[in-house]
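S.K.: Chains as they are written, first to last, in our numbering: chain A, 1 to 773; chain B, 1 to 281; chain C, 1 to 161.
It is possible that part of the hints are untrue.
[Stated by the list, open to error] Which residues of chain C face chain A? A few of them, derived with a C-beta cut under 10 Å, are:
(1) R43
(2) G48
(3) S135
[Claimed, not checked] Per the computed footprint, the stretches of chain A lying under chain B, defined by three or more beta-carbons under 8 Å from a beta-carbon of chain B, are:
(4) 87 to 98
(5) 461 to 473
(6) 759 to 765
It is worth saying that the hints were derived from the structure and are not from the lab. The beta-carbon is built from N, C-alpha and C at its ideal position, and this holds for glycine as well.
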Amino acid sequence: MANEIMKIVGASLPRLEGMDKASGSAVYVEDLYRPGMLHGALLLSPHPHARIVSCDTSRAAALPGVRAVVCGSDFPERRVGVFVKDEVILAQGKVRYAGEPVAAVAARSLAIARAAAALIVVEYEPLPAVLSIDQALAANAPLVHENLERYVFRMPARARRNIIWEVDLAQGDVDAAWAQCDAIVEGIYETQAQYHAYLETNGVLAEADQSGNLTVWASCQSVHHVQTRIAEELGLPMSKIRVAVPRVGGAFGGKHASNLHSIAAALALKAKAPVKLVLTRTEDFEMQRSRHPVRIHLRTGARSDGTILAREARLLFDGGAYADESPAVMSFASLMVRGCYRIPHVRVHGTAVYTNKLRAGSFRAFGNPQATFAGESQIDELALKLGIDPVALRRKNLMQDGDYWIGGHRVAVCSAGRCLDRLIESVRAAPPLPPPRRERRRGIGYSMLASICGLMGTSASVHLRGDGTVALSTGVVDIGQGSDTTLAQICAELLGLPIESVSYGAPDTAVSPYNWKTAASRSTYMTGRAVAGGSNHLKEQILRHAADMLESAEADLEFRSGGRVGVVGVPGRELSFAQIAQHSLYVAGGPIIGVSGLVFDGPPFDPKRATVERFAFDNLGVYIFGAQAVEVEVDEATGQVAVLRAWSAHDVGRAINPASVEGQIQGAFVQGLGYALTEEMVWNDGRLINPSLAEYAVPGIEDVPFGVHPIILEEPEPTGPFGAKGVGEPALSGVAAAIANAIAQAFNGARPRRLPMTPERVLDAIEPPAGQA
Amino acid sequence: MKLHLPESLDEAVALLQTYEEARCLAGGQTLVAMLNANLLFPDALIGLKRIKSLDGIERKADGAVAIGAMTPHRAIAESSQFGAAQAILGEAARGIAHPPIRNFGTIGGSIAHADPAADLPTALAAAAATVEIYGPKGARTVPVEDFFVSYLTTVLEPGEIVTCIHVPRGPDAARCAYYKLSRIAGDLAILSVAVVVAIQDGICTEARIALGGCGPTPIRLTAADRALVGEPISDRSIARASEALAAECRPFDDFRATARYRLRVMPRIVRRTILSAAGRA
Amino acid sequence: MTQPERLPVALMVNGETQEVLIEAEATLLSVLREHLQLTGSKRGCNQGVCGACTVLIDGRAGRSCLALAATLAEAEITTIEGIRDDPVGARVIAALVEGAAVQCGFCTPGMVIALTELLRAKDRPDLAEIRDALSGNLCRCTGYQKIVAAALTLASNGHGE
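Construct all of the structure, not just a fragment, from the sequences and the given hints.
M.R.: Below, the structure written as structure tokens:
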């Protein structure tokens, strides 16, 4: 079937690696073994804040079977970090959170390594700890970092005492606008630390050869990023470090970096042997990362007709012991808290502070869930005060095509309103549920959401192999979202090849073209563009070779599906990709390789439209929109909330693989459900008291309705591959607000303003205890 | 650590006494998790799986059932041996964790662990069960409520093993209900209520109410039970029972909920569970 | 550190008896992964909560991280590596892959085992039975929707034995 039209883009092809994963043969980092491999173990700090008086590793080192012990002094004294260079890989001088790695051991067996770690004697002098945002900001607060002024910052951040970074965004005249408002609502919204809870903990296998060259297999979101960090953390040139990645058992932002990588590398260099170091679940909870706990003070005002005039937000981010991605997460939340509405007067002030707790960092949707919980809860509160239907109030104020986001980014295609239309259509079409049991009430709540996809650089290469199949290579790590398949689909579609003819190379810094990381909903949009560019570059060269071989002008040639090039109008006169490849490899022209790379370089903030100060990144991405609805049932006796069904509408530009897109929406929604209702890392006196999956409540199948309905809109993004945009993160952001709004709908406006909305907090909201009414 | 798999109870008891710190291994669903988390460092584990007499549910002529300590939760959840009052065990067992845990976790292991937020201890208290124990001094039997001493602590003396749980037939015209409030399905309870009531001609003739998650052990009070007896189940009688129970509740704050919340919702769940039991034919 | 005592144990895994020399506290999961190189059973929590290590022990789904291998000399153990050649197991795997129910894949082997146990016992389970059977298997990627949908497809086709 020579001219069969390929339909690979837009088809829900099964995952390339699906059978391997489902049948247990896919290999993850803990499944790897190397000859002579040692096992690593860590010693973590038991104190949230303490001076290290001494660290005696002699007994550990003397234990038979121990091959290497490292502690803080084995690392360069220079501090590292992306935005603030404030971190060391193993504690030096003092520990700043309970769970901070202090020392590590490599030994012949895991049991010996753990026994040795327990023999390391660290003498601590406990210091007063800063355990909350308020404590961090108190006038006489102990300092988490005494020498902040000596640290290197990526840009001026107004850091002082326990303040890491401050951001200001403003447009219009908020102070004057309040006087024109007929209704003003104001509230404080608080969110918790959420744990990523990828099913696979962080782990790494690092190997050093006799010349000090490192090979690192990491469960991670980017081989290039891990390579960059190890180079900085160990003070080595990148040429000495190769990073590769096996299959990754989920990441969600929690595997973009880990102290673990450089610790294992240091052990491997010291032992001159491979060292596998995989975190226990409790270690992963205690030392890795969380979503930021945030307190948002928000105020919104409108005219009596529902026109929103002003919004003011103060965001306080608890960054934990190290700055990590706090400046970026806090900046992004500050940008998003206005919401996808036309609000002429806006002022946002964001602050991130240090505390003696686990560092908070990047986590799917990156500050947006916190901002959206506050922002979209308050839209419903405003609607109630104005006596306007919450959906109608949203419609009246939504941004339209060509409007500007605060900061001055123009949003050419603003599909928020169309997402809402499709959402309402689906909600209305849904059959009514049987009436609730006694003592239960139902409500439906809505939330809008906006996000971006883009950021930084990426690239792709496409090699034509001798048999006419192609080898696609990018730096994108498939952390479960399906990018291997999606990117291969883009390549196959453009080349007219069946998907089986495209292989996706496992990312490896030795061979893969650069990619920043799997983050920011960017793989399909950003690397998809590079794959399209590389595929088209390959086609140009194939055409040139074919023209030589067929002795025709390129203009007279056409691509035919199945991997062939022929002379227009002459059906028999054609060459297969295999013939062209053979010719290139053995006769003339040389190997055919298509390459393409790009960096997101959209327009910067526009100082004429808004004040934007100390915003942690210059360039973001294209804006994406969605709308969500959740129907809940609340037990009015206990305050327990059950989600009965939900709808989540997203403009994805173009669904390259619709089933994968649906999976992203559903998965993000359910992670948002856990965030909204059950998940919370709890510290007591600076120690995490629920660091296991038995104690930290991740929703299981019975806590989630079979009825999370994805709704896909396809409004092509002109710059995206086949018009595609990202979808990995947004469906998480609106869930908490939609649930809070559903509760409020059922209980005359009573609502929790703190996450997670546990039965206790819901009960306190719907039936305030005596004296608090 | 040593591991033994004795074939008889006497052998198991003898082995338990051989070590300073030996533990019985039943289904392992809690014990092995604790070992994995380095929360326990026993010298030896005495596995009970080869002692055939410990497994199975037997219904006696008088309607009582004897449940071997090694009977897995799944067998209890699916058993057809229970009468109307005993059925509370099946209901509670069906809510324990999830199927793989129910396949291997045992009733003996559950009560010997004595977590007040677990399901079976509370249900057994409402069912007026007794615990048969075998040890160096022979066999003895204790009412289940006396079996639990405090948080994770029982009356078991060194060398003693739970062998069987006896559950009486219960009153005529019995009905039961078990309610578990938990953060997520299969989690340990924030609070649980087990109720067995007998209702004849509209009058409650007997009642047993037990609470889980409201103190270091399951809570059952004769005064609370009496508050229901001798009259139809009503809001008033339920309120009296709840008041009596509230005076005995000693819940703690933990990451599942605060003590304050548990005290607040206890009467509501007691009410809901009693009404649910009473409404059940 | 004193050398821990090791016990010789013959384990019947996927129809084959294998001799291993293990410590008393060795879990079945660690023996499968480290001694027998059967790495399809995953260690997600080592606490029996996540379900990624689920195997069949005498036909019943159980946590290999909560079973001490030395107690299993008489048991018949089936891991994901054995289930993929089982007629029901193979259909479960295919249904999950075709139904886009596999994302990161770390939970999937455990899901396959739990569904295989269910479908062997019941040809056409309903939604509630499917949810109960999978209630001990956490998934952080899919939101469970496509896993349930794939299981329902199997059930409606009567794909048990």
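S.K.: All the hints need checking, so say for each whether the structure fits it.
M.R.: Now for the hints, and whether the structure bears them out:
no., hint, result
1, R43, "holds (7 Å)"
2, G48, "holds (8 Å)"
3, S135, "holds (5 Å)"
4, 87 to 98, "violated (count 0)"
5, 461 to 473, "violated (count 0)"
6, 759 to 765, "holds (count 3)"
Hints 4 and 5 from the earlier list are contradicted by this structure; the remaining hints agree with it.
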